[in-house]
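**Student:** Generate coordinates for the entire structure from the input sequences, incorporating the hints supplied.
Taken in sequence, the protein lines are chains A and B.
Each step along the first sequence adds one to the number in the working numbering, with nothing skipped, and position 18 is 18.
Each step along the second sequence adds one to the number in the working numbering, with nothing skipped, and position 92 is 92.
It is possible that some hints are incorrect.
Derived EDC-like pairs (lysine to aspartate or glutamate); straight-line CA-CA distance at most 20 Å [to be verified]:
(1) B:430 / B:472
(2) B:343 / B:472
(3) B:124 / A:88
(4) B:91 / A:88
(5) B:26 / A:88
(6) B:90 / A:88
(7) B:353 / B:390
(8) B:353 / B:385
(9) B:430 / B:310
(10) B:431 / B:389
(11) B:90 / B:195
(12) B:430 / B:307
Hints are computed from structural coordinates only; laboratory data are not their basis.
Every value quoted in this text rests on a predicted model; they were computed, and no experiment measured them.
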Amino acid sequence: MDFAISITGFVALYIFMLAAFGGWVIIGRVPAILHTPLMSGSNFVHGIVVVGGIFALLNASSVEEQAIGFFAVLLGAGNAAGGYAVTDRMLAMFQVSGPKHNKHSHSAHHIKKA
Amino acid sequence: MPTFIPQMIIGVTDLAAAFLFLYGLKRMSSPVTAPSGIFVAGLGMLVAVLASFLYIFSVSAAARPFLSVNIGLAVIALILGGGIAWWSGKKVAMTSMPQMVALYNGMGGGAAGAIAAVELFGNKTQGATQLVVTLVGALIGAVSLSGSLIAWAKLDGVIKKPLRATGQQTFNGIVMLATLTVGGYIVFVAQSSADPLIAMPQLISLFFALALLFGIAMTLPIGGADMPVVISIYNAFTGLAVGLEGFVLQNPALMIAGMVVGAAGMLLTLLMAKAMNRSVSNVVFTNFGTPAKHKQGDIKGSLKPTEAGDAGIFMRYASKVIIVPGYGLAVAQGQQKLYEFVKLLQAAGVDVKFAIHPVAGRMPGQMDVLLAEAGVPYDMIFQLEDINDDFASADVALVIGANDVVNPAARDDKSSPIFGMPILNADKAKKVYVVKRGEGKGYAGIVNALFYAENCEMVYGDAQAVLVKMIEAVRGLGLSAAA
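**Tutor:** See the structure below:
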């Protein structure tokens, strides 16, 4: 059995095309109010580059490659961890006004009269 | 262990990670589901990173003697890089979010560039296609790294003013051309196995140096208010670089994640540029301040200063107030006080809404986040297209720390440099209060006709101090005065 992945030119272009289209459609529907968390969230998603960094570092066969590979993992991990931390913090702050689900809530927010 | 087992596990986890990223981003399209969205995406990241250590079982023969050291280095790098970034991300102030995102983004670009460097220096790419893709990814990643760092320095105030020199664009063009030439030469040498004029490693170093220089030279002249566009561009760049390196490493999870982010970043970039009525190339390749020689249209009327307390009381007895917050509010750290004032108005039965311009702040949507941090519920916050018709029926428009985004010249004055930019129609309200530090001009350096309008009064002072006075004035009336 062989699970090795091999992506050649055209397959890559298909993947890129579908991914780009998917990203465009998904992000296009995000309301402007969420643009900052969205940006830091997508920033977090490209932190997946750390996986490539780990691959490169594990396959390093000279001190030079080790140094650059270390750098790649260091930066990639920073991208991923930092992106997650700030996105999570920002999203936790968004709240709706009025205790709609719990009538006895002592929410500080004023209930808007329609 | 047979090699197909780790391969299979990596394949399955990467597939799962790609799905979780897409699903997580999808959930981020509503404030209600968004917090779970980032958690879902985080889960994908976690399994992908853990599974990536299974590459241990398939390292090349050349790397085998280095393996134990490499594993140690990988763990240290993960803990160090992840730990520092996590800690800094948890404690950074919300107002500093743009520079933090720029920094993390630069890290991603740097990581993609470093992966390309390992492939190039180790001569690991196979065939012309892979080599070209590696080089393009390296170029974009390196530009994103150095450009993001400059953006960070600007946003953080390390670099105070846009650095502009004559011939800047020619210089940038030459650097770009030189980078591409060196890149092309690398491909030529590798393919023809001709003797290079300079040894290959030096050639590759030169390529990276030029790419980094281009990122710096491209970002230095761009001004502060254009930062939303710049951050979006570099976000897209890093995504692209990651996607391309994903192809080189034959990793579809990287390809998908990178390309999704690349497309998302591109979309945001276009949205931001549209909100400023400028093309992306106009933001990147020209400077805002330069066409300042235009003739300012005659402005009728005069500036009418008023007391903060009087303005506060006037709003207390209004029935509909729309607030236009701008970056100046964030600079004065006045969001908390603003919401305190708003709650007082609401308690008195005033209908209060916030109107946000798409480019308010230093990154897309930053003002929304700053208001959310102050506790403002998101259903009180409205975007330009949803609220612009409401101004005509509003008793008061309160403009705090915003300037160019409420300048009616964008609508009426064809000779104005901001003509055509979508603005918030604050001038249509019956009464307009503008809270402003002094009589200075906005970022675009043009006089705001709104300030001279018949229905507009100016409240001079620091936004926070002004709001404190407004709160005191309204409290002074006592709640019994309500009803």
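**Student:** What are the numbers of the hints that this structure violates, sorted from low to high?
**Tutor:** As far as the earlier hints go, 1, 3 and 11 are violated by this structure, in ascending order.
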